[in-house]
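We have chain A; now place chain B with the ligands onto it with these hints.
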Amino acid sequence: MAGIYIHIPFCKQACHYCDFHFSTSLKKKDELLQALIQELVLRKGELKNISVETIYFGGGTPSLLSINELKLLIDSVFKNYTVVENPEITLEANPDDLITVQGQSKTIFEEYKSIGINRLSIGIQSFFERDLKLMNRAHNAHEAKDCLTLATKYFDNISVDLIYGIPGLTNNEWIENIDTVLAFNIPHISCYALTVEPKTALESFIKKGLIDNVDDDLAQEQFNILVDKLEANGFVNYELSNFGKSNYFSKNNSAYWQGKPYLGIGPSAHSFNGDQRSWNVSNNTKYIKSIQLNELPREVEILSKTDKFNEYIMTGLRTIWGVSLEKVEENFGITYKNHLLQQAEIYIKEQLLYIEKDNLLTTKKGKFLSDGIASNLFKINLI
Amino acid sequence: MKNIRNFCIIAHIDHGKSTLADRLLDFTGSVTAREKQDQLLDSMDLERERGITIKSHAIQMDYEYEGEKYILNLIDTPGHVDFSYEVSRSIAACEGALLIVDAAQSIQAQTISNLYLALENDLEIIPVLNKVDLPSANPEEVTDDIVDLLGCNPEEVIHASGKTGFGVDNILEAIIKRVPAPKGDPDAPLQALIFDSVYNTFRGIETYFRVFNGEIKKGQHIKFVATNKDYYADEVGTLKLTQVAKQSVKTGDVGYLITGIKTAKEVKVGDTITDYAKPTTNIVEGFEDVKPMVFAGIYPVDTEDYEELRASMEKLQLNDASLVFSPESSAALGFGFRCGFLGMLHMEIIQERLEREFDMTVITTVPNVSYHAYTNKNPDEAFVVNNPSDLPEPSTVNRVEEPYIKATIITKADFVGNVMSLCIEKRGIITNQTYLTPERVELTFEMPLAEIVFDFYDRLKTVSKGYASFDYHPIGMKPSKLVRLDILLNAQPVDALSALIHADNAQFIGRKMCEKLKELIPRQQFDIPIQAAIGAKIISRETIKALRKDVTAKCYGGDISRKRKLLEKQKKGKKRMRQVGNVEIPQQAFMAVLKLND
Ligand SMILES: Nc1nc2c(ncn2[C@@H]2O[C@H](COP(=O)(O)OP(=O)(O)OP(=O)(O)O)[C@@H](O)[C@H]2O)c(=O)[nH]1
Ligand SMILES: C[S@@+](CC[C@H](N)C(=O)[O-])C[C@H]1O[C@@H](n2cnc3c(N)ncnc32)[C@H](O)[C@@H]1O
Ligand code: SF4
Ligand SMILES: [Mg+2]
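Chain order of the listed sequences is A and B.
The numbering used here puts the first residue of the first sequence at 1, with every later residue one more than the last.
The numbering used here puts the first residue of the second sequence at 384, with every later residue one more than the last.
Only chain A is shown next, with the shape it has when bound in the complex (with noise of 0.2 angstroms):
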């Protein structure tokens, strides 16, 4: 079983913290998505006898392509790849693309269900005004409630963004938004603390005095409140940033976290499949040149064993799943399973740890803690 992520580098503005690949010009729009159809045909044998299970349109803003363009996408997946039945195909939107009227005769949402998208990943980020000029989000907070209403009507394996953490969100702020999301009976919500990327205008500001820098302590308290809240509703949070309500969570991105093969279609777009690494150039010119003289623009890395079980270690403890000290002395052996064993002692000592049925697992108060840990429990070799 495989994944194939498809990244739309187009947005309508950019918002300040983002550092994802994008680019705000449509102009190179028709020669890029006949280049992500090229690269699904050059990359076809792949996933020769792997069937894709998940097709996810990310970005950028996937919801600013048409239908028909949506379409000749997934049609060129199901004309090279063997796909399951009933795939999972997400489509992140934003809430601007949602409300504006596109068709005549049917919703935005029943043309997306026609062509077989099931699942949306809606960016709606935070439900007041000044947070999300403070982002400089395309869309306003009534278009982030209208959106919502409009979407559960036609669909039901919905997910919300929301980003917390944000200079001047209240804790009581943070509660509301939790709870306006809830009242929408959404299956699923992503909620990442506000992260200052290098060289995006968030950080020029915070450094400009500008905006305030993001507090670690407020962080970590609106993300109590948020595990606290969603556990009480019936989610569970699978993986640090991510809760669902069971059958809900997403198995595009499980994918990265459970360590399984994904196709990364796109500039910028990752892939692995399982001892390599690859990524496409962050570019959508060299991208599109590239794959015009059917080269694929990508670097590769090739994982060694010791790589391997960093990432396991870095990602498993982010996950409900945990890391399974089995699957490690199976897959890396014992010494490894020592090494980890060891190094994990203070952390299970100080209860940042803890090991249930055989899986090393990050306790309530490890988890906004677990890249320092993770750190800690890698290996590292010296060559």
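The set of hints was computed from the structure by calculation and includes no laboratory data.
For each residue, glycine too, the CB sits at the ideal point set by N, CA and C.
This list has only true hints and no planted wrong ones.
Short derived list, chain A residues pointing at chain B, Cβ under 7 angstroms:
no.: 1; residue: Thr195
no.: 2; residue: Asp216
no.: 3; residue: Asp217
no.: 4; residue: Ala219
no.: 5; residue: Gln220
no.: 6; residue: Ser241
no.: 7; residue: Arg277
no.: 8; residue: Asn310
no.: 9; residue: Glu350
no.: 10; residue: Leu352
no.: 11; residue: Leu369
no.: 12; residue: Gly372
no.: 13; residue: Ile373
no.: 14; residue: Ala374
no.: 15; residue: Ser375
no.: 16; residue: Phe378
Pairs of lysine-lysine residues, derived as DSSO-like cross-links and limited to a Cα-Cα distance of at most 30 angstroms, are as follows:
no.: 17; chain 1: A; residue 1: Lys245; chain 2: A; residue 2: Lys260
no.: 18; chain 1: B; residue 1: Lys901; chain 2: A; residue 2: Lys207
no.: 19; chain 1: A; residue 1: Lys379; chain 2: B; residue 2: Lys948
no.: 20; chain 1: B; residue 1: Lys932; chain 2: A; residue 2: Lys349
no.: 21; chain 1: A; residue 1: Lys44; chain 2: B; residue 2: Lys937
no.: 22; chain 1: B; residue 1: Lys948; chain 2: A; residue 2: Lys305
no.: 23; chain 1: B; residue 1: Lys937; chain 2: A; residue 2: Lys337
no.: 24; chain 1: B; residue 1: Lys952; chain 2: A; residue 2: Lys379
no.: 25; chain 1: B; residue 1: Lys955; chain 2: A; residue 2: Lys364
no.: 26; chain 1: A; residue 1: Lys207; chain 2: B; residue 2: Lys937
no.: 27; chain 1: B; residue 1: Lys978; chain 2: B; residue 2: Lys895
no.: 28; chain 1: B; residue 1: Lys955; chain 2: A; residue 2: Lys207
no.: 29; chain 1: B; residue 1: Lys674; chain 2: B; residue 2: Lys438
no.: 30; chain 1: B; residue 1: Lys932; chain 2: A; residue 2: Lys357
no.: 31; chain 1: B; residue 1: Lys955; chain 2: A; residue 2: Lys365
no.: 32; chain 1: B; residue 1: Lys937; chain 2: A; residue 2: Lys251
no.: 33; chain 1: A; residue 1: Lys305; chain 2: B; residue 2: Lys937
no.: 34; chain 1: A; residue 1: Lys245; chain 2: A; residue 2: Lys367
no.: 35; chain 1: A; residue 1: Lys367; chain 2: B; residue 2: Lys954
no.: 36; chain 1: A; residue 1: Lys251; chain 2: A; residue 2: Lys145
no.: 37; chain 1: A; residue 1: Lys229; chain 2: B; residue 2: Lys928
no.: 38; chain 1: A; residue 1: Lys379; chain 2: A; residue 2: Lys337
no.: 39; chain 1: B; residue 1: Lys957; chain 2: A; residue 2: Lys337
no.: 40; chain 1: B; residue 1: Lys901; chain 2: A; residue 2: Lys365
Just chain B with the ligands now, kept in the frame of chain A:
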């Protein structure tokens, strides 16, 4: 021989010795334009970078004066007090000394101490007023100061500038006219004094010597008197910018010798070289072995590098015989070495050279001086304590003694009050106060050597706004109230953070240590209590609060590789820290006690 002149350049630190040496080399045509660079004789990278001389450097110049050819052997010396033994070695090989005085700074502490060293050896002193090009130069006043100090005529003081080259001709003339030619009997058996040795990776140990009687010939069967070892002189020659091999080096001259010696210990500075078959009866008086003043532990950051560290230290010792070390072990740091240094600058330099020349990252522990402990059982026998863990149980100790120094500080009258308070705070007792001029005062103190280890230099610089020079000599042991301050991290004592301190300072230093460590030790995923204790008594505590967030929220397919590398880098970064118990301690924390006031 009558046309040979051997002289050294001595001065207070930074008064321009090495720069003036450059000008002498230029003027005599000893370097080509291509070879020219500032402070040419400071050949170590570290010297060039820091702009200080660490080691003496000898070089030979040819000079024609009034139709006669002369050979001038110059030795540039370091100015810093830690390296004053280098000056005394160089002096023994010379008949004259250029005493350089900065025309803006006037006479400073090492000007005086180095002058006395030269006078003890009967050297002809040529006073040079340097840096006269400086706008802040005070030639008349400073000349008066020099005249007062030396009891010479104002005309004898040569005005010069190492920057512009002004006065260099006069200096050369004075060297030829005033410094006596070497005396000695060319026909007597060989008698040469070893005044330095340098390690060369390819050629082994190069021995630098001054011939007092006879000559040393290539291939000669020779003997080192003190070590009583014999060798064949594989190569002898003189010290131009590059070495010039010769058939022999004659009476009065300075040269180098290569014998295939590989270990520095075989070459004792101060030893006499003589002929094996026809030994001299005149043994040049040797000097005392240099005594280390400060001791500290040096440990590899990575325990696995212990053997490599040992090899590196041995190599370093080849060209720095003043470094002493012996193995020790610490519960916190594993195996390492207790090292003796000439002073704090020397310690810093050794640490830096280990990193630079041997790529060894090391942890240096809190330095201490050498104490004498007398136990109740053996009240008459001194037990040497060079390490906090050597201090016997307090109940078994009869008494402890610590080394004292006579410290000389020259400062401006305005700062006398500040400097005195500092010295009193440092347990010093003022023994003398002399006004060198109405503005400049020489203060003499007796104080414990240990006090200069704990941020004395920085404080002195601050309280005097940089206008204080410092020099010291050991004057013996005196009774002390010594305690060992222990530090506990996460309730575990960390032996490498222990320090030997005076009881009266314990409360203060304990508190500052806890504060400093809190600042230096990075927050971790859990709280870390820090405690300072004397014996079982906790005298101070702090807590390093746990991190609240140590995770990035997003982790898409694309983030995994990048993130793994970031976290790997973080982990590797911690390799520079020492994990003690569960706490990661950065290198500099082990020296925290030295920077308590930063
Ligand atoms: N203006 C001026 N500056 C000088 C002169 N001589 C030296 N300097 C400067 O003074 C500083 C110290 O010069 P050095 O020649 O390294 O002094 P030093 O006495 O050899 O120092 P140590 O060996 O460390 O004791 C350098 O920055 C030189 O450039 C001079 O005649 N005039
Ligand atoms: C790459 S975006 C794509 C989805 C879509 N373009 C949108 O913005 O709604 C996926 C999600 O990542 C989150 N995100 C992106 N950059 C972030 C940052 N710097 N800090 C926190 N969350 C971020 C946002 O919640 C966003 O919805
Ligand atoms: S957050 Fe989404 S919409 Fe905003 S710039 Fe990034 S990809 Fe585009
Ligand atoms: Mg110098």
